[in-house]
Amino acid sequence: MNLKGTFVVAEMTFQEAIRKRFIIFILLISSFFLLLNLSCEGAINVNGQERSLMRFSAFFFFYMVGIWNLGISTQITSSLVTEELENKTYIILLSKPISKLNYYLGKAFGIFFIIIANTFLVYFIYSISIYIKMGFFFFDFWKSFFPMLLGYALIISIVLLLSLATNKTVSVMIMSGLIVFSFIINGILYETNVEKFFEPAKKIHATLKIFYWVLPQFGSLTFFSSSLFESSISQVHYLGELSVYQISMWICVIWLILYFYLDRREFSE
Amino acid sequence: MKTHLKAIEAIALCKSYGSLQVLKNLNLEVKVGEIFGFLGHNGAGKTSFMKILIGLSYPSSGSVKLFGENIQVKSKKKIGFLPEKVSIPGFLKAIEFLVYCARLSGKSTREAYLQANELIEKVGLAEFKNEQTTNFSKGMLQKLALAQCMIGEPELLLLDEPGSGLDPLGTVELRNLILEQNQKRKVTIFLNSHRLLEVEKICTRIGILQKGELIALGAISDLTKGKNQIKLRLETWTESLMNLMFQISKEHKFINEQEVVLEPKEIIDTTQIPKLVVENGGNILLYEKSYESLEEIFIRLTGGTK
Numbered sequence: 042m043n044l045k046g047t048f049v050v051a052e053m054t055f056q057e058a059i060r061k062r063f064i065i066f067i068l069l070i071s072s073f074f075l076l077l078n079l080s081c082e083g084a085i086n087v088n089g090q091e092r093s094l095m096r097f098s099a100f101f102f103f104y105m106v107g108i109w110n111l112g113i114s115t116q117i118t119s120s121l122v123t124e125e126l127e128n129k130t131y132i133i134l135l136s137k138p139i140s141k142l143n144y145y146l147g148k149a150f151g152i153f154f155i156i157i158a159n160t161f162l163v164y165f166i167y168s169i170s171i172y173i174k175m176g177f178f179f180f181d182f183w184k185s186f187f188p189m190l191l192g193y194a195l196i197i198s199i200v201l202l203l204s205l206a207t208n209k210t211v212s213v214m215i216m217s218g219l220i221v222f223s224f225i226i227n228g229i230l231y232e233t234n235v236e237k238f239f240e241p242a243k244k245i246h247a248t249l250k251i252f253y254w255v256l257p258q259f260g261s262l263t264f265f266s267s268s269l270f271e272s273s274i275s276q277v278h279y280l281g282e283l284s285v286y287q288i289s290m291w292i293c294v295i296w297l298i299l300y301f302y303l304d305r306r307e308f309s310e
Numbered sequence: 051m052k053t054h055l056k057a058i059e060a061i062a063l064c065k066s067y068g069s070l071q072v073l074k075n076l077n078l079e080v081k082v083g084e085i086f087g088f089l090g091h092n093g094a095g096k097t098s099f100m101k102i103l104i105g106l107s108y109p110s111s112g113s114v115k116l117f118g119e120n121i122q123v124k125s126k127k128k129i130g131f132l133p134e135k136v137s138i139p140g141f142l143k144a145i146e147f148l149v150y151c152a153r154l155s156g157k158s159t160r161e162a163y164l165q166a167n168e169l170i171e172k173v174g175l176a177e178f179k180n181e182q183t184t185n186f187s188k189g190m191l192q193k194l195a196l197a198q199c200m201i202g203e204p205e206l207l208l209l210d211e212p213g214s215g216l217d218p219l220g221t222v223e224l225r226n227l228i229l230e231q232n233q234k235r236k237v238t239i240f241l242n243s244h245r246l247l248e249v250e251k252i253c254t255r256i257g258i259l260q261k262g263e264l265i266a267l268g269a270i271s272d273l274t275k276g277k278n279q280i281k282l283r284l285e286t287w288t289e290s291l292m293n294l295m296f297q298i299s300k301e302h303k304f305i306n307e308q309e310v311v312l313e314p315k316e317i318i319d320t321t322q323i324p325k326l327v328v329e330n331g332g333n334i335l336l337y338e339k340s341y342e343s344l345e346e347i348f349i350r351l352t353g354g355t356k
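Sequences listed follow chains A and B, in order. Be aware that the first sequence starts at 42, since it is given in my numbering, and climbs by one per residue. Be aware that the second sequence starts at 51, since it is given in my numbering, and climbs by one per residue.
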């Protein structure tokens, strides 16, 4: 494994992404979430309990940033990979002493760093703002952030594989579908609030459960992360921890597929 | 340390894309230190062979070795590759691109900058080093790509259609650079080209590929052997001179009363012909040895068809 080469590619991918115009759009949206939440003050009544609106908005903020990151992981990965394949800029780079696996691992790391940087930036600004406003540091975000990183890593890996094997549109469509489906299925199966409105037949319920346990559990992972952040608002997801293992396993499976795929993949000029 | 005499060795190499066979049982050896020209029409399989050499593609059967080893990541340390269509990541400045390539070749950032600056100067792009490559002309991109393929002082340069997009001065500079690499560092050069005149000027050996098959291989002088012709113009042709011509030539054809084009017999030392003519009383107005050009060889061997 040429890890030095991998990190060179990761660094250059990071640079490539931050020099693109879409990074401004990403930061603008993130800033919008930030602004929206910093403007929240006062208290809210939840189940008869008086709760600070700040905590509630912080929870909402965590969700927004988390879901926004799921979206941008998909978008940035597909854009950078397919653009490179179309322009054939990989030809010279892959003629250097680096394997295709190391090269694309570097790409994935570079995109991953972008997501981390974006999240760190908004969380950091939020934490500082809370400190100025309330006089204490708000660390809850950070502990919830780490399980979410696995989700971003898996999205980047899947989109990378799909972009190499198909094209941008197909990879974005499949990934977005998978994320939305995962959230919906999680809600139907395990959210008591949803169950009140929609209770599927037993056969459908069983089928959905199979899908739920086989497909990557992005929804469950997000809910689990949020429960680490504020368990009294989100219900406790007892199955949530398993989603961390399941997502980790999926990451290994995808990179195993990528290993064999890249080993035989031919790049045409 | 074991040294290999063969920079490239292809043994019974075949490559197919579906039902299309682009390389058919290719057997080829390129010796260390030589400048080898690989010729062929578009679609003959030249670029497919180069893609196999840099590991972007794989043989369907047969094998290829670089310096005696199977192609693998570490063998790419020994090669520099110039693609036919140069495509450089648009977000990078010229110098950044070279630094990126140098770092991928295993150099530290500091070493990479040093070598990048040296090479960008060598190819004459020093004043544009901080420009985005998206603003570069085709010729400038070729020069930049040439600079990147010299990173890490490779032992083998694989040049796919070098010089396309270069002006005449750029072509001369490129030729000098290739020759310099070959003569000073004994770098093996393998080039795919359509520019037969350039190939003729610099290559020590050539191979001609047609529809995936190697139809000719050798030094240009070997491929023209037996095709040497002499154009001889004398003031008058006496009987003894006519006899002499019959003695020394395999074939002859008079163009006019004074001028004849003859093909000398193999046993005749052609350098002695003017002397023999003078000894037989001939007054030479023109003596010209004409060889088949590479273009003529190429057309003859490929039949002028793809």
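Because the hints were derived from the structure by calculation, they are not lab data. Worth double-checking, as some hints may not be accurate.
As the list claims (entries may be wrong) - Covered stretches of chain A (in silico footprint by chain B; criterion: 3 or more residues with CB under 8 Å from a CB of chain B, positions within the stretch not fixed):
no., region
1, 49-56
2, 134-141
3, 244-257
Backbone N, C-alpha and C define an ideal beta-carbon position, used for all residues, glycine too.
Annotated coverage of the region 134-141 of chain A by chain B, confirmed only when three residues or more have a Cβ within 8 Å: holds (count 7)
Three-residue Cβ test at 8 Å for the coverage of the region 49-56 of chain A by chain B: Three-residue rule met by the region 49-56 of chain A, so holds; n is 4.
Tell me if chain B covers the region 244-257 of chain A under the three-residue, 8 Å CB rule, please? Violated, because only 0 residues of the region 244-257 of chain A bring their Cβ atoms closer than 8 Å to Cβ atoms of chain B.
In summary, the structure is inconsistent with hint 3 from the numbered list given earlier, while agreeing with all the others.
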